[in-house]
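Sequence order for the protein chains is A and B.
Just so you know, the working numbering puts 105 at position 105 of the first sequence, and the rest follows in order with no gaps.
So the number in the working numbering is just where the residue sits in the second sequence, counting from 1, plus 1000.
Treat the hints as calculated values from the structure; they're not laboratory data.
Even glycine gets a Cβ: it sits at the ideal position worked out from N, Cα and C.
Hints may contain errors.
[As the list claims (entries may be wrong)] Computed cross-link-like contacts, PhoX-like style, restricted to lysine-lysine with a CA-CA straight-line distance of at most 25 Å:
no., chain 1, residue 1, chain 2, residue 2
1, A, Lys68, A, Lys42
2, A, Lys42, B, Lys1011
3, B, Lys1078, A, Lys42
4, A, Lys68, A, Lys22
5, A, Lys68, A, Lys113
6, A, Lys71, A, Lys42
[Claimed, not checked] For each label pair, taking beta carbons as the anchor points, the in silico distance ranges come out as:
no., chain 1, residue 1, chain 2, residue 2, range
7, A, Lys113, B, Arg1081, 43 to 51 Å
8, A, Ala29, B, Pro1061, 21 to 29 Å
9, A, Lys71, B, Ala1002, 30 to 38 Å
10, B, Pro1061, A, Gln45, 20 to 28 Å
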Amino acid sequence: GENVEQHPSTLSVQEGDSAVIKCTYSDSASNYFPWYKQELGKRPQLIIDIRSNVGEKKDQRIAVTLNKTAKHFSLHITETQPEDSAVYFCAASEGSSNTGKLIFGQGTTLQVKP
Amino acid sequence: GAGVSQTPSNKVTEKGKYVELRCDPISGHTALYWYRQSLGQGPEFLIYFQGTGAADDSGLPNDRFFAVRPEGSVSTLKIQRTERGDSAVYLCASSPSGGNQPQHFGDGTRLSIL
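This is chain B alone, in the form it adopts within the complex:
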């Protein structure tokens, strides 16, 4: 498919564990965004990549959260020492080159911390 792909679709883990969430953007899109959506809320911005670099990480809640995009395509969001409050749907979006261009979302990863 040509859309944004996220894996896994669901992740259940215990408090204190480390998790990695993967996003494969639309081919050729240089801009990649991570958002977090809690139940009944709108998506909240976490981090924005332009190519390989994190151009804006102002939405990361604390230093347990980290994201990479080493080759300017696939991105991985990493969460260390998970807490129950990290439970949410983590959404990835991409756009052709950032700025005010339409962002297309993936299906998200539903993360549950027990």
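Pulled out of the complex, with its shape left as it was, chain A reads as follows:
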């Protein structure tokens, strides 16, 4: 089955700096890769996603890149703000089932210092 590894587990940056979170996956058939932001005690919120037919996607200060050959994808946040502080999860769809079943990484706690 699919396995997703996420790094780093914690990340601290100064306000205005960029933050990068990286994930690798094992199932070459996976074709959907969402990123979720989860604040303490709240629901995971979808912030951006990418499908395997695209190499990069951007939405304002957030971008995601996908390297299918290397089986890794990354989240890039530019001009970070204190409200970006949260836990970020990457996920990959289980390719063999095509049900949308998501396998999540272990999470990255991002702290943006004012």
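Here the structure of chain A is known, so what remains is to put chain B in place on it, guided by the hints.
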């Protein structure tokens, strides 16, 4: 509201008791997912419904766990003979029709087994 709704928000019960957790998906979404999130971890897949049928229940940990969605809308996750290890946040998500479509999560039910 138009989002995924889960009740109760918190449930505390004694070991050995039976519990039911409810999920009301976004109106019109045929795909419904249950995940379990332990402290400091990413969500783990439990079961996926497409309409009324459980299309993938491969994530249910054992036969004490069962879920239904009799009318293709509201779903109930049922746990028999609860154990302390069942303590976690149980999250529900829905998407328009499954596959690689964005999944939107509810706030979850925090289950504590004493």
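Self-check item: Agreement of Lys68 of chain A and Lys22 of chain A with the hint, judged by alpha carbon distance not exceeding 25 Å
Solution: 14 Å, holds
Exercise. Determine whether the Cβ-Cβ distance between Lys113 of chain A and Arg1081 of chain B falls within the hinted range of 43 to 51 Å.
Key: 47 Å, holds
Quiz item: Lying within 30 to 38 Å: is that true of the beta-carbon distance Lys71 of chain A to Ala1002 of chain B?
Solution: The hint (30 to 38 Å, Cβ to Cβ) holds, given that Lys71 of chain A and Ala1002 of chain B are roughly 36 Å apart.
Quiz item: CA of Lys68 of chain A to CA of Lys42 of chain A, is that 25 Å or under?
Solution: Outside the cut-off at roughly 31 Å; violated.
Quiz item: Regarding the pair Lys71 of chain A and Lys42 of chain A, is the alpha-carbon distance no greater than 25 Å?
Solution: With a Cα-Cα distance of about 30 Å, the restraint between Lys71 of chain A and Lys42 of chain A is violated, given a limit of 25 Å.
Quiz item: Are the Cα atoms of Lys1078 of chain B and Lys42 of chain A separated by 25 Å or less?
Solution: Roughly 23 Å separates the two Cα atoms, so the pair holds.
Self-check item: Pairwise hint evaluation, Lys1011 of chain B against Lys42 of chain A, where the allowed Cα distance is 25 Å at most
Solution: Within the cut-off at roughly 16 Å; holds.
Quiz item: Falls inside 21 to 29 Å, the C-beta gap from Ala29 of chain A to Pro1061 of chain B?
Solution: Hint holds: Cβ distance 25 Å, inside 21 to 29 Å.
Practice problem: For the pair supplied as a hint, Lys68 of chain A and Lys113 of chain A, confirm whether the alpha-carbon distance does not exceed 25 Å. | Solution: The given pair, whose Cα atoms are some 33 Å apart, is violated under the 25 Å limit.
Self-check item: Supplied distance hint 20 to 28 Å, evaluated on CB atoms of Pro1061 of chain B and Gln45 of chain A
Solution: 26 Å, holds
Consistency with the previously given hints fails for numbers 1, 5, 6, ordered from lowest to highest.
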